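Asker: One letter stands for each residue in the lines below.
Protein chains: 2
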Amino acid sequence: MIDIEELKFDEKGLIPAIVQDYNTKQILMLAYMNKESLKLSLEKKETYFFSRSRNEIWHKGETSGNIQKIKNIFYDCDGDALLIEVEPKGPACHTGNVSCFYRSFLGKIENYDMEILKMLYERVKDRKTNPAEGSY
Amino acid sequence: MIDIEELKFDEKGLIPAIVQDYNTKQILMLAYMNKESLKLSLEKKETYFFSRSRNEIWHKGETSGNIQKIKNIFYDCDGDALLIEVEPKGPACHTGNVSCFYRSFLGKIENYDMEILKMLYERVKDRKTNPAEGSY
Numbered sequence: 001m002i003d004i005e006e007l008k009f010d011e012k013g014l015i016p017a018i019v020q021d022y023n024t025k026q027i028l029m030l031a032y033m034n035k036e037s038l039k040l041s042l043e044k045k046e047t048y049f050f051s052r053s054r055n056e057i058w059h060k061g062e063t064s065g066n067i068q069k070i071k072n073i074f075y076d077c078d079g080d081a082l083l084i085e086v087e088p089k090g091p092a093c094h095t096g097n098v099s100c101f102y103r104s105f106l107g108k109i110e111n112y113d114m115e116i117l118k119m120l121y122e123r124v125k126d127r128k129t130n131p132a133e134g135s136y
Numbered sequence: 137m138i139d140i141e142e143l144k145f146d147e148k149g150l151i152p153a154i155v156q157d158y159n160t161k162q163i164l165m166l167a168y169m170n171k172e173s174l175k176l177s178l179e180k181k182e183t184y185f186f187s188r189s190r191n192e193i194w195h196k197g198e199t200s201g202n203i204q205k206i207k208n209i210f211y212d213c214d215g216d217a218l219l220i221e222v223e224p225k226g227p228a229c230h231t232g233n234v235s236c237f238y239r240s241f242l243g244k245i246e247n248y249d250m251e252i253l254k255m256l257y258e259r260v261k262d263r264k265t266n267p268a269e270g271s272y
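If you're matching them up, the sequences are chains Y and B in order.
So for the first sequence, my numbering puts the first residue at 1; every next one is plus one.
So for the second sequence, my numbering puts the first residue at 137; every next one is plus one.
So here's chain Y without its partners, still in its complex pose (with noise of 0.2 angstroms):
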C-alpha cells in the first residue's frame, strides 16, 4: 500500500478527489482532500474532505445525512489525484441533484436529437391524418 506521503498534494496541501458511484458508476462530484481529511477518510471510510471556502475538514454528510460510505480509494499513476469509490446515503450536491455534474455543455447537441424526434413525431402525426398514397 502506498503511504500517503508519497501522494502528491499541491502548494496548499491538496489533492483533488473524484467521488464515483460503486454501484452506478456516475460521478457525484469533485472535492479536495488534506492528508488530515485523507487518513480521517481512511480510518472511518466514510468521506471527508477539505472546504477550501470555509477552509477546515468537512465531514460529507454531517448535517445532511447524506454520508458517502467509501468502498475503495484508487491513485492515479501520477499520485496526484485520487478517486473514492463509495456507496452514498442520499444526493452528493447541495442542490439536491445525485450529482453535481447535471448540467452540459453540449445540451444543443441533446436538443438537436429532441427536434428530430419532434419532427418525425409530427411527420407521423401528419401521415396519420392525411395518409399518402404509396406510403407505409
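None of these hints come from the bench; they were simulated from the model.
Since the model is a prediction, treat every value here as computed from it, not as a measurement.
Ideal Cβ positions, reconstructed from N, Cα and C, are used throughout, including at glycine.
A portion of the hints provided could be inaccurate.
Said to hold, decoys possible - Within a straight-line C-alpha distance of at most 30 angstroms, the following computed DSS-like cross-link-like pairs (lysine-lysine) qualify:
no.	chain 1	residue 1	chain 2	residue 2
1	B	Lys264	Y	Lys25
2	B	Lys261	Y	Lys25
3	B	Lys207	B	Lys171
4	Y	Lys25	B	Lys171
5	Y	Lys71	B	Lys161
6	Y	Lys25	B	Lys175
7	Y	Lys25	B	Lys144
8	B	Lys207	Y	Lys44
9	Y	Lys45	B	Lys180
10	B	Lys181	Y	Lys12
Unchecked claim - Chain Y side only, calculated, beta carbon under 7 angstroms to chain B, not exhaustive:
no.	residue
11	Leu7
12	Pro16
13	Leu30
14	His59
15	Phe74
16	Asp76
17	Cys77
As the list claims (entries may be wrong) - Estimated spans, in silico, between C-beta atoms of each pair:
no.	chain 1	residue 1	chain 2	residue 2	range
18	B	Asp146	Y	Glu56	15 to 25 angstroms
19	B	Gly270	Y	Ile57	53 to 63 angstroms
20	Y	Asp126	B	Ser187	46 to 56 angstroms
21	B	Lys161	Y	Glu11	27 to 37 angstroms
The hints should help you fit chain B onto chain Y, whose structure is shown.
Answerer: This is chain B only, laid out in the frame that chain Y set:
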C-alpha cells in the same frame, strides 16, 4: 448553454477535468484545461488539455494515437470542475493501463477477498480428492 467565461478557472487559469469512458463508465484520468484547450475540445470534439509540466496545450493521443472522442462535457454546481464523457481509441495512461487510476489504497481489502477465494478453492479441491462423509 453556459458561457466558458462563467466557469471558474483557478489562479493559474486552469480547471480540473475528469475523463470518463462513455460506454464503460470507467474513470480514465484527471487532467487540467485552460480556456483555450476547452474551446479546442468543444470545437474539435476531441480532448485537449493544458500540461502543467510542459506549460503548453496538449492534444491527447496526438503522438500515441489514443485520442478521446468527446460525447459530452458536464460542469459542476460551482462551475469549477468538468466531467468529460469520451470514447477512447486506446489506453488513457502513459503506463499502458486503460485508466490512470489502476492502484488502490485499500488494496489490502482486495487481497483479503482473494485470500478468501483461494482458501475456498483449496477447500473444494481438497474435498474432491478427499471426500468427507456427510459433506455435500
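Asker: Against each hint, give a clear statement of whether it holds in the structure.
Answerer: Against the structure, the hints come out as follows:
no., hint, verdict
1, B:Lys264 to Y:Lys25, "39 angstroms, violated"
2, B:Lys261 to Y:Lys25, "36 angstroms, violated"
3, B:Lys207 to B:Lys171, "19 angstroms, holds"
4, Y:Lys25 to B:Lys171, "28 angstroms, holds"
5, Y:Lys71 to B:Lys161, "17 angstroms, holds"
6, Y:Lys25 to B:Lys175, "27 angstroms, holds"
7, Y:Lys25 to B:Lys144, "26 angstroms, holds"
8, B:Lys207 to Y:Lys44, "37 angstroms, violated"
9, Y:Lys45 to B:Lys180, "41 angstroms, violated"
10, B:Lys181 to Y:Lys12, "33 angstroms, violated"
11, Leu7, "9 angstroms, violated"
12, Pro16, "5 angstroms, holds"
13, Leu30, "4 angstroms, holds"
14, His59, "19 angstroms, violated"
15, Phe74, "4 angstroms, holds"
16, Asp76, "4 angstroms, holds"
17, Cys77, "5 angstroms, holds"
18, B:Asp146 to Y:Glu56: 15 to 25 angstroms, "20 angstroms, holds"
19, B:Gly270 to Y:Ile57: 53 to 63 angstroms, "56 angstroms, holds"
20, Y:Asp126 to B:Ser187: 46 to 56 angstroms, "54 angstroms, holds"
21, B:Lys161 to Y:Glu11: 27 to 37 angstroms, "32 angstroms, holds"
The structure shown violates the earlier hints numbered 1, 2, 8, 9, 10, 11, 14.
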